[in-house]
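Q: Let the sequences and hints guide you as you build the complete structure.
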Amino acid sequence: MDKNLYQLAYKAKEDNEAVNKIIEMFRPKIKKTLLQTDFQNREDLEQELQLKLVKVIKMYDLEGIMGFWEFHEMIKRKIS
Numbered sequence: 001m002d003k004n005l006y007q008l009a010y011k012a013k014e015d016n017e018a019v020n021k022i023i024e025m026f027r028p029k030i031k032k033t034l035l036q037t038d039f040q041n042r043e044d045l046e047q048e049l050q051l052k053l054v055k056v057i058k059m060y061d062l063e064g065i066m067g068f069w070e071f072h073e074m075i076k077r078k079i080s
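Under full-length UniProt numbering, the first residue of the sequence shown carries the number 1, and numbering increases by one thereafter.
A portion of the hints provided could be inaccurate.
[What the hints assert, rightly or not] Dumping the calculated DSSO-like pairs for lysine-lysine here, alpha-carbon to alpha-carbon at most 27 Å:
no., residue 1, residue 2
1, LYS3, LYS55
2, LYS11, LYS58
3, LYS13, LYS58
4, LYS32, LYS55
Hint data in this document are derived by calculation from the structure and do not stem from the laboratory.
A: Here it is, written out as structure tokens:
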């Protein structure tokens, strides 16, 4: 993949191709997790997980994410 997850998530707000790329990034984890479920439920559960992933991607607020240095300052103030 030529883009990282943050870039894809930002682009995914208006681009379904970016959403598909994110789903593909998570597909191995989804498949591995599905091995813990009954075989007859896996296909339905996989679809549900993908729908949930799309919903989370669309709702995620990337503007509210603080950078490293903002986080560092926040922790420093809490410790002091």
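Q: Check whether the Cα positions of LYS13 and LYS58 lie no farther apart than 27 Å.
A: holds (6 Å)
Q: Take a quick look at whether LYS32 and LYS55 sit within 27 Å of each other, Cα to Cα.
A: holds (21 Å)
Q: Just to be careful, I want the Cα atoms of LYS11 and LYS58 compared with a cutoff of 27 Å; is the pair within it?
A: Between LYS11 and LYS58 the Cα gap is close to 10 Å, so the pair holds against 27 Å.
Q: Taking 27 Å as the top limit, are the C-alpha atoms of LYS3 and LYS55 close enough?
A: Within the cut-off at roughly 20 Å; holds.
The structure fails none of the hints (numbered hints given earlier).
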